[in-house]
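Chains A and B supply the protein sequences, listed in that same order.
Here the first sequence is numbered in my numbering, starting from 159 and rising by one per residue.
Here the second sequence is numbered in my numbering, starting from 6 and rising by one per residue.
Please note that a few of the clues may not be correct.
[Claimed, not checked] Some chain A residues close to chain B (C-beta under 10 Å, calculated; not the full set):
| no. | residue |
| --- | --- |
| 1 | 178 |
| 2 | 180 |
| 3 | 198 |
| 4 | 200 |
| 5 | 201 |
| 6 | 236 |
| 7 | 238 |
| 8 | 239 |
| 9 | 245 |
| 10 | 251 |
| 11 | 275 |
| 12 | 342 |
| 13 | 371 |
| 14 | 398 |
[Stated by the list, open to error] Label-pair ranges, simulated between beta-carbon atoms:
| no. | chain 1 | residue 1 | chain 2 | residue 2 | range |
| --- | --- | --- | --- | --- | --- |
| 15 | B | 148 | A | 365 | 33 to 39 Å |
| 16 | A | 199 | B | 273 | 54 to 60 Å |
| 17 | B | 269 | A | 162 | 37 to 43 Å |
| 18 | B | 184 | A | 223 | 49 to 55 Å |
| 19 | B | 279 | A | 276 | 35 to 41 Å |
| 20 | B | 11 | A | 174 | 50 to 56 Å |
| 21 | A | 185 | B | 47 | 46 to 52 Å |
[To be verified] If you want the ones that stay clear, here's a sample from chain B, every Cβ over 12 Å from chain A, calculated:
| no. | residue |
| --- | --- |
| 22 | 41 |
| 23 | 103 |
| 24 | 121 |
| 25 | 183 |
| 26 | 278 |
Think of the hints as simulated: they come from the structure by calculation, not from any bench.
Please read these numbers as outputs of a predicted model, since none were measured by experiment.
All C-beta atoms, glycine included, are put in the ideal place defined by N, C-alpha and C.
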Amino acid sequence: MRVMNWLRLHTGLVYLFLYGPILMLILLSFNRSGLPTAWGGFSLHWYQELLSNKTLLNAALNSLLVAGGSTLVSAVFGTLLAMGLERIARNVVLDAFVFLPMIIPDIVLAIALLSFFTFIEMPLSLLTITISHIVFNIAFVAAIVRTRLSYFDNTLEEASLDLGAPPVQTFFKITLPLILPGIIAGSLLAFTISLDEFVIAFFTAGPSRPTLPILIYSMVRFGVTPDVNALATIVLSISALLILISQRMGGSEGFF
Amino acid sequence: MKKLVSPLVLLGPALTWLGIFLVLPLALIFAYSFFQRGAFGQIVPQLTLQNYSRLFNPTVLKVFLNSLRIASLVTGLALLLGYPTAYFITQQSTRWKNTLLVMVILPFWTSYLIRTYAWIVLLNREGVLSRLLIALGLSREPISFLYNDTAIFIGLLYGYLPFMVLPLYSSIERLNPELREASFDLGATPLKTFFQVTLPLTIRGVVTGAIFVFVPSLGNFFVPELLGGGQRFMIGNMINSQFLKARDWPYGSAMAFGVMAIVLLLLLFQAWVTRRTEQA
Numbered sequence: 159m160r161v162m163n164w165l166r167l168h169t170g171l172v173y174l175f176l177y178g179p180i181l182m183l184i185l186l187s188f189n190r191s192g193l194p195t196a197w198g199g200f201s202l203h204w205y206q207e208l209l210s211n212k213t214l215l216n217a218a219l220n221s222l223l224v225a226g227g228s229t230l231v232s233a234v235f236g237t238l239l240a241m242g243l244e245r246i247a248r249n250v251v252l253d254a255f256v257f258l259p260m261i262i263p264d265i266v267l268a269i270a271l272l273s274f275f276t277f278i279e280m281p282l283s284l285l286t287i288t289i290s291h292i293v294f295n296i297a298f299v300a301a302i303v304r305t306r307l308s309y310f311d312n313t314l315e316e317a318s319l320d321l322g323a324p325p326v327q328t329f330f331k332i333t334l335p336l337i338l339p340g341i342i343a344g345s346l347l348a349f350t351i352s353l354d355e356f357v358i359a360f361f362t363a364g365p366s367r368p369t370l371p372i373l374i375y376s377m378v379r380f381g382v383t384p385d386v387n388a389l390a391t392i393v394l395s396i397s398a399l400l401i402l403i404s405q406r407m408g409g410s411e412g413f414f
Numbered sequence: 006m007k008k009l010v011s012p013l014v015l016l017g018p019a020l021t022w023l024g025i026f027l028v029l030p031l032a033l034i035f036a037y038s039f040f041q042r043g044a045f046g047q048i049v050p051q052l053t054l055q056n057y058s059r060l061f062n063p064t065v066l067k068v069f070l071n072s073l074r075i076a077s078l079v080t081g082l083a084l085l086l087g088y089p090t091a092y093f094i095t096q097q098s099t100r101w102k103n104t105l106l107v108m109v110i111l112p113f114w115t116s117y118l119i120r121t122y123a124w125i126v127l128l129n130r131e132g133v134l135s136r137l138l139i140a141l142g143l144s145r146e147p148i149s150f151l152y153n154d155t156a157i158f159i160g161l162l163y164g165y166l167p168f169m170v171l172p173l174y175s176s177i178e179r180l181n182p183e184l185r186e187a188s189f190d191l192g193a194t195p196l197k198t199f200f201q202v203t204l205p206l207t208i209r210g211v212v213t214g215a216i217f218v219f220v221p222s223l224g225n226f227f228v229p230e231l232l233g234g235g236q237r238f239m240i241g242n243m244i245n246s247q248f249l250k251a252r253d254w255p256y257g258s259a260m261a262f263g264v265m266a267i268v269l270l271l272l273l274f275q276a277w278v279t280r281r282t283e284q285a
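Given only the sequences and the hints, what does the whole structure look like? Please build it.
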C-alpha cells in the first residue's frame with residue numbers, strides 16, 4: 159500500500175531525528191583528534207582523560223549515592239502505596255494527588271523545595287537532593303508496581319490466609335515474590351531518573367558537592383570539549399542499559 | 006477480600022512524605038507569592054498582590070506569551086511528527102511493535118541534558134553542520150545555528166517527542182480496526198476515514214500527548230539557556246533568575262503560580278475531553 163510506504167519513510171526519519179545526534183556523539187567520543195569533523199583515528203584517549211579527573215569521579219559518586227538512597231526509599235514507599243491504591247483506596251482524587259509530581263513542571267517543584275529547605279533551615283546537601291528525588295520517584299515505582307498488581311490473582315493470597323498463614327507471612331511468601339519483577343523494574347527506572355535528573359538537583363544541591371548532571375551542565379556551558387563526549391557516552395549507555403533491563407522485567411506497561 | 010495489612014501501613018509512608026515534601030513546599034511558595042521582598046532579598050511577610058500584578062508588565066508578559074508560542078509550536082510539530090509514527094507502529098507485528106516502542110522510550114529516559122548537548126555539538130559555529138556546509142562548498146565561513154528560537158524549538162521537540170508518541174500509540178492501538186474497515190467499505194477515501202473516524206476516536210491520546218509535550222516545554226529552562234544562549238528568555242529562565250540571581254523569591258513564586266494556572270487549565274480541558282468522549 160502506498161500510504162504505508164510513506165508512513166515507513168516518515169517513521170524512519172523520526173527515528174533518525176531521535177538517534178542521529180546521539181550516535182554522532184558516541185562516534186565523536188572515540189575520535190582521537192577531538193574535532194567534530196576531522197577523523198583522527200579510533201582512540202580511547204578521552205575516556206582515559208576522564209578517569210584522571212577527580213572532580214568528575216566525585217560527582218559520579220555523589221550521583222550514585224543520591225540515586226541509590228532515593229531508589230531504596232521510593233521502592234518501599236512506592237510498593238506499599240501501589241498496594242494501598244489498588245486494593246483499598248480506589249479514589250480518583252488520591253490518584254491525581256500521588257501522580258502530581260509527574261505533571262508539575264520540574265522548575266516549580268525545584269523552587270518549592272529550595273524555599274522549603276531554606277525555611278526549615280536545613281542545609282543543602284546530597285541529603286536534600288535525595289529527599290527531593292524521592293518525591294517524584296515514589297510515583298514512578300507505584301505506577302509500575304500497580305500494573306503488576308492489576309494482573310494479580312487475589313485468590314492466591316486468600317488461600318494462604320485461609321490455610322492459616324499470618325498476614326505478614328502471606329505477604330513475604332506469596333505477594334512479594336509475585337510482584338517482585340514489578341518492584342525491580344520500578345526501582346531501576348527510579349534509579350535511572352534520579353541519576354540523570356538535573357533541574358531539581360540543581361536547585362537543592364549544596365555548593366560543594368554537585369551531582370554528575372550539575373557538573374555536566376557547568377562543563378557544557380563553557381563550550382564543547384571532547385572529554386564531555388566521552389562522559390556523555392558513558393552516562394547514556396548506563397541509562398540505556400538500566401532501562402532495557404527494566405523493560406525486560408515488565409516496566410513498560412506502567413505508563414500510558 | 007480480607008485485609009492483608011492495614012491501609013495506614015500501606016498509604017501512610019508515601020502520603021506523609023508527599024505531605025511534607027510536596028504539599029508544604031508548594032503551600033510555602035504560594036504564601037511567598039503574596040509576600041514582599043526585603044532590601045537584602047529576604048522575605049517580608051506583609052501581604053501584597055503586587056507580585057501578581059507585576060506579571061502583567063510588558064516585559065514579563067512578553068516572555069509569557071513567547072513561551073506559550075514556543076510551547077504551542079513544539080506541541081503542534083510533535084503531533085505532526087508523532088501521529089504518523091505512532092500509527093505506523095500500531096500496524097507492525099508484535100515483535101516489531103515492541104522493538105519500535107522501546108526505541109521511542111529509550112531516549113526519553115536518558116539524560117535530557119546530554120541530549121541537548123548533542124545539539125550544541127551539531128549546531129555550534131565549529132560544529133558538525135557548519136563544517137559540513139563548508140566541506141560541501143555551500144558556505145565559506147563557519148555559521149552558528151545556535152542562539153535563536155529555531156534552536157530552542159529543535160531542542161524541546163527532540164526532548165519531548167517521545168511523550169507524544171506513547172499516548173498516541175496506546176489510543177490508536179485500542180481503536181477497533183473494524184470501524185476503519187467499515188468506513189472503507191462504505192466508500193470513504195483513506196483521508197476522509199482518517200479525519201472522520203480515526204482521528205476523532207483517538208482524540209484522547211492527542212490531548213494527553215499534547216499536554217505531556219506542552220507542559221514541560223513551557224517550564225523548561227536549560228534548553229533555552231544552552232541552545233538559546235540565555236538571551237532568549239522563556240518562563241523557566243525567568244523563574245530561575247528570580248530565585249538564583251535577583252533573589253526576589255516572592256516574585257519568582259508568583260511566576261511559578263502563573264505557570265501552574267496554565268497547567269491547571271490544560272488539565273481541566275483534558276478532563277472535559279475525557280468525559281465527553283466517554284459519553285459518546
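Verification of the hints:
Below 10 Å, beta-carbon pairs count as interface contacts, and residue 178 of chain A has one with chain B at about 9 Å; its hint therefore holds. Checking residue 180 of chain A against chain B by beta carbon gives a least distance of about 6 Å; that is within 10 Å, so the hint holds. Given the 10 Å rule on beta carbons, the hint for residue 198 of chain A is violated: about 14 Å separates it from the nearest Cβ of chain B. At a threshold of 10 Å, the smallest CB-CB gap from residue 200 of chain A to chain B is about 18 Å, leaving the interface hint violated.
At a threshold of 10 Å, the smallest CB-CB gap from residue 201 of chain A to chain B is about 17 Å, leaving the interface hint violated. At a threshold of 10 Å, the smallest CB-CB gap from residue 236 of chain A to chain B is about 7 Å, leaving the interface hint in force. For residue 238 of chain A, the interface hint holds, the least distance from its beta-carbon to any beta-carbon of chain B being 5 Å, beneath 10 Å. Contact between residue 239 of chain A and chain B, as hinted, is supported at the beta carbon level, the nearest pair being about 4 Å apart and thus within 10 Å.
Interface restraint check: residue 245 of chain A against chain B, minimum CB-CB distance 7 Å, threshold 10 Å, status holds. The beta carbon of residue 251 of chain A is not positioned within 10 Å of any beta carbon in chain B (closest approach about 12 Å), and the interface hint is therefore violated. A hinted interface residue such as residue 275 of chain A counts as satisfied when its beta carbon comes closer than 10 Å to some beta carbon of chain B; here the least separation is about 8 Å, so the hint holds. A distance limit of 10 Å between C-beta atoms decides the matter here; for residue 342 of chain A the minimum to chain B is near 16 Å, and the interface restraint is violated.
The beta carbon of residue 371 of chain A is positioned within 10 Å of a beta carbon in chain B (closest approach about 5 Å), and the interface hint is therefore held. For residue 398 of chain A, the suggested interface contact is upheld, since its CB lies about 6 Å from the closest CB of chain B, less than 10 Å. Evaluation of the 33 to 39 Å hint for residue 148 of chain B and residue 365 of chain A yields a pass: the beta carbon distance comes to about 38 Å. Evaluation of the 54 to 60 Å hint for residue 199 of chain A and residue 273 of chain B yields a pass: the beta carbon distance comes to about 58 Å.
For residue 269 of chain B and residue 162 of chain A, the hinted distance range of 37 to 43 Å is satisfied, since their beta carbons lie about 41 Å from each other. Residue 184 of chain B and residue 223 of chain A have their C-beta atoms about 53 Å apart, which keeps the hinted 49 to 55 Å range intact. Under the hint 35 to 41 Å, the C-beta atoms of residue 279 of chain B and residue 276 of chain A, about 39 Å apart, fit the expected range. Our hint of 50 to 56 Å for residue 11 of chain B and residue 174 of chain A holds, since their Cβ atoms are close to 53 Å apart.
As the Cβ distance of residue 185 of chain A to residue 47 of chain B is approximately 51 Å, the hint placing it in 46 to 52 Å holds. For residue 41 of chain B, the shortest C-beta to C-beta distance to chain A comes to about 15 Å, beyond the 12 Å cut-off, and the non-interface label holds. Consistency note on residue 103 of chain B: stated as away from chain A, yet its beta-carbon is not over 12 Å from all of that chain's, at 8 Å minimum. Annotated as non-interface, residue 121 of chain B brings its C-beta within 12 Å of a C-beta of chain A; the closest such distance is 8 Å.
Distance check for residue 183 of chain B against chain A: the nearest CB is about 18 Å away, which clears 12 Å, and the non-interface claim stands. Listed as outside the interface, residue 278 of chain B is consistent with that label: its C-beta sits roughly 16 Å from the nearest C-beta of chain A, beyond the 12 Å cut-off.
Checked against the numbered hints given earlier, the structure breaks hints 3, 4, 5, 10, 12, 23 and 24 and satisfies all the rest.
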